[in-house]
Amino acid sequence: MNLSTRWLAVLGASAALALGAAPSALADTGTAAASTSTGAAATSGTDTTPSPAQADSIAARFGIEASLAHGALARAINPGDYQCASTDLDAYVGSLINGFSDTEWNFLIRHTEMLDIPTYDALLHGSDTDPRYALRPDYRQSLTQTFRDVKRFWDINSSDIELHAMHGSVMQDPERVARVYREVYGLSPTAAAARAQDVANAVSTGFDGGDNPLFTLNAFAFTAQGDPDPLVQGVPDKLIFGDGILDALQAMGIGDVGPRAVMGHEFGHHVQYEDNLFDSPLTGAEATRRTELMADAFGTYFATHARGLALNTKRVLQVEKSFYEVGDCYYTDPGHHGTPNQRLRASTWAADVANAARPQGKILPSLTFADMFEKELPAIVAPDAG
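When you line the sequence shown up against mature numbering (1 follows the signal peptide of the UniProt record, and there is no 0), it's residues -27 to -1, 1 to 359, in that order.
Don't read these hints as lab results, they were simulated from the structure.
Glycine residues also receive a C-beta, built at the ideal position from the N, C-alpha and C atoms.
There may be inaccurate statements among the hints.
Listed below are the simulated EDC-like cross-link pairs for lysine to aspartate or glutamate, each with C-alpha atoms no more than 20 Å apart in a straight line [said to hold, decoys possible]:
| hint | residue 1 | residue 2 |
| --- | --- | --- |
| 1 | K294 | D248 |
| 2 | K348 | E259 |
| 3 | K335 | D325 |
| 4 | K335 | D103 |
| 5 | K124 | E247 |
| 6 | K294 | D229 |
| 7 | K124 | E148 |
| 8 | K348 | D248 |
Label-pair restraints from in silico Cβ distances [what the hints assert, rightly or not]:
| hint | residue 1 | residue 2 | range |
| --- | --- | --- | --- |
| 9 | T102 | Q198 | 17 to 27 Å |
| 10 | K348 | N130 | 18 to 28 Å |
| 11 | N130 | D252 | 16 to 26 Å |
| 12 | A329 | A260 | 22 to 32 Å |
| 13 | T76 | T341 | 47 to 57 Å |
| 14 | A330 | Q291 | 16 to 26 Å |
| 15 | R331 | G159 | 53 to 63 Å |
| 16 | D344 | S115 | 29 to 39 Å |
| 17 | S132 | A260 | 25 to 35 Å |
| 18 | D325 | G159 | 22 to 32 Å |
| 19 | D325 | D248 | 17 to 27 Å |
| 20 | A64 | R280 | 32 to 42 Å |
| 21 | D75 | Q333 | 40 to 50 Å |
| 22 | K348 | K287 | 24 to 34 Å |
Using the sequences and the hints, build the whole thing.
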């Protein structure tokens, strides 16, 4: 089954699963999916099957972005007024999907929350002192050093931010998976345990033991500051890297600089948190686009500045052009990041600001840089379609 056919199957399954039943054409091929029935009486929570439609709303609850797997799969709509096309990321995600066996695929479309289980386990329970959330060895030194550098670079209090990983192998552990089902999806203990065991059984014989990159195709910043949600009370500020995003950057040929550039972008969100830069008269898609483009600018300024990473500007922009392909053309969607062209313009502007620093090496205060960005934003987001 090719990528487009399989994605149409997901869309069809989404509607059916929202009603608590999977279509007969997608019948299980050997792995139990007990969560569509209640089983034993539950003491609390719900027995409702998690649906794909929940992904964005749950991510919004925690103030993070849904996994790139969701967006990359869905990027098939005519971009209209903006220049967008199929990307290397689309091709990479397509190769992952087409690598699934029919058994794996049929299970995944009935358990699409697998795309997010590692995220919420790491967000709510991960720690930089817990070896289960340690950064992958092949990137640990580079990411740890970049984290130290970016904390020194920006003029915010960043001493409370933790850096750690999320790993798809968490899905081998039914107790940790059940905890996510209870806390995030609201399943009853009985339903959560049953569905978690289904997932553990599935990854014991497939999905690369849970380590398929599709399940951790994300990196994100998080803060619970000002959030009244009791579930995140006591959760520290975080910057979390999924193994899958590292694999994707490597597959796209930008594994040398890409992870450090992503680090710069995600830390840019922490600058926004600390400086209260999320407030804006803009709403909906325009507000999100502003936030993301500003983080792109913060990240590139750090990456190209003489006292930041001091990376070659041409190389940084080449790399960013590649991973900015996760920019999208859904410019009316509330989660809009900005088109790839807009994201590249934001970064090019930031690199120019860094290279023009006088005296050389002068670091602008974060609020000054943000004010400069706000003045440049109209030019950055101007439509580019002919």
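Evaluated hints:
Restraint check for K294 and D248: the C-alpha separation of about 27 Å exceeds 20 Å, so the hint is violated. A threshold of 20 Å between alpha carbons decides the hint, and for K348 with E259 the separation of about 15 Å falls inside it, so the pair holds. Among the hinted pairs, K335 with D325 is consistent with the structure: their alpha-carbon atoms are about 14 Å apart, no more than 20 Å. Note on K335 and D103: the hinted pairing is violated, with a Cα-Cα distance of about 37 Å set against a maximum of 20 Å.
The straight-line distance between the Cα atoms of K124 and E247 is roughly 12 Å, inside the 20 Å bound, and the hint therefore holds. Between K294 and D229, the direct Cα distance comes to roughly 14 Å. Compliance with the 20 Å bound is thereby established for this hinted pair. Restraint check: the Cα-Cα separation between K124 and E148 comes to about 35 Å, which exceeds 20 Å; the hinted pair is violated. Distance hint between K348 and D248 is fulfilled; the C-alpha atoms sit about 17 Å from each other, no more than 20 Å.
Separated by about 21 Å at the C-beta atoms, T102 and Q198 satisfy the suggested range of 17 to 27 Å. Checked against the given bound of 18 to 28 Å, the beta carbons of K348 and N130, roughly 26 Å apart, stay inside it. For N130 and D252, the hinted distance range of 16 to 26 Å is satisfied, since their beta carbons lie about 19 Å from each other. Checked against the given bound of 22 to 32 Å, the beta carbons of A329 and A260, roughly 29 Å apart, stay inside it.
Between T76 and T341 the Cβ separation comes to about 56 Å, which falls inside the hinted range of 47 to 57 Å. For the hinted restraint 16 to 26 Å between A330 and Q291, the CB-CB distance of approximately 22 Å keeps it satisfied. The given range of 53 to 63 Å is respected by R331 and G159, whose C-beta atoms sit roughly 55 Å from each other. Between D344 and S115, the C-beta spacing of about 32 Å keeps the proposed range 29 to 39 Å intact.
Our hint of 25 to 35 Å for S132 and A260 holds, since their Cβ atoms are close to 29 Å apart. Against the hinted window of 22 to 32 Å, the Cβ-Cβ separation of D325 and G159 comes to about 48 Å, which falls outside the hint. The hinted window of 17 to 27 Å between D325 and D248 holds, with their beta carbons roughly 22 Å apart. A beta carbon spacing of about 37 Å between A64 and R280 agrees with the range 32 to 42 Å that was offered as a hint.
At about 59 Å, the CB distance of D75 to Q333 disagrees with the hint of 40 to 50 Å. Between K348 and K287 the CB atoms are about 26 Å apart, so this pair conforms to the stated range of 24 to 34 Å.
Comparing the model with each earlier hint shows violations of hints 1, 4, 7, 18 and 21; every other hint is respected.
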